[in-house]
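**Student:** Sequence:
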Amino acid sequence: MRKIVSIALTGAVCGASLTLAAAPQAVAAGHVPRCVKVRAFFNEGGQRYVRLTNLCAKRPACYTIVIPKQGERRGRLPNGVTKDVRYGKTAGPRALYVKNVSC
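Sequential numbering from 1 applies to the sequence shown in this note's numbering.
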């Protein structure tokens, strides 16, 4: 009985180590680093703004602001910067979300 349990436990540990070893390759294969963080959406002087922060300290980050019934607004943030980005007028639609894209 102990032999069966030890074989099962060894198989589980090997499977977990293979999963952890494959994770960095999956990130490098197609996922974009999550550097851009939305701090706030706000209106000021008839304009709509979003406050964005670049959480990556060593590289610039690129983003896309998704707005319904309009095109997407693209931009780039330098290393470790917080910036207010104007994306439209208050009469227009509010942004749905901000997504990270590769530069």
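Just so you know, the hints here were simulated from the structure itself, not pulled from any lab data.
We put the CB at the ideal spot given by N, CA and C, even for glycine.
Misleading hints may appear alongside valid ones.
Only pairs whose alpha carbons sit at most 27 Å apart, straight line, appear in this in silico DSS-like list of lysine-lysine [said to hold, decoys possible]: (1) Lys58 / Lys69; (2) Lys89 / Lys37; (3) Lys69 / Lys99; (4) Lys99 / Lys37.
Here are the in silico distance ranges between beta carbons for each label pair [to be verified]: (5) Ala91 / Cys56: 30 to 38 Å; (6) Thr53 / Leu96: 15 to 23 Å; (7) Thr90 / Pro33: 28 to 36 Å; (8) Cys56 / Tyr97: 28 to 36 Å; (9) Phe42 / Gln70: 13 to 21 Å; (10) Gln47 / Pro78: 33 to 41 Å; (11) Ala40 / Ser102: 30 to 38 Å; (12) Arg94 / Lys58: 18 to 26 Å; (13) Lys58 / Leu96: 13 to 21 Å.
**Student:** Evaluate each hint against the coordinates.
**Tutor:** Do the hints match the structure? See the list:
Only pairs whose Cα atoms come within 27 Å are accepted, and Lys58 paired with Lys69 is rejected, the gap being roughly 35 Å. The straight-line distance between the Cα atoms of Lys89 and Lys37 is roughly 22 Å, inside the 27 Å bound, and the hint therefore holds. In summary, the hint linking Lys69 to Lys99 is supported, as the alpha carbons are separated by about 17 Å, within the 27 Å threshold. Pair hint Lys99 plus Lys37 holds up; C-alpha atoms about 9 Å apart against a cutoff of 27 Å.
Between Ala91 and Cys56 the Cβ separation comes to about 34 Å, which falls inside the hinted range of 30 to 38 Å. Separation of Thr53 from Leu96 is about 19 Å and conforms to the stated range, judged on CB atoms against 15 to 23 Å. Taking 28 to 36 Å as the suggested C-beta distance range, the pair Thr90 and Pro33 conforms, at roughly 32 Å. A C-beta distance of roughly 19 Å is found between Cys56 and Tyr97, which places it outside the suggested range of 28 to 36 Å.
For the pair Phe42 and Gln70, the beta carbons lie near 19 Å from each other, so the given range of 13 to 21 Å is met. The given range of 33 to 41 Å is broken by Gln47 and Pro78, whose C-beta atoms sit roughly 22 Å from each other. Between Ala40 and Ser102 the beta carbons are some 25 Å apart, a value that contradicts the proposed interval 30 to 38 Å. Taking the beta carbon of each, Arg94 and Lys58 are about 32 Å apart, not inside 18 to 26 Å as hinted.
Here the CB-CB span from Lys58 to Leu96 is close to 29 Å, at odds with the stated 13 to 21 Å.
Violation of the numbered hints given earlier is confined to hints 1, 8, 10, 11, 12 and 13; the remaining hints are satisfied by the structure.
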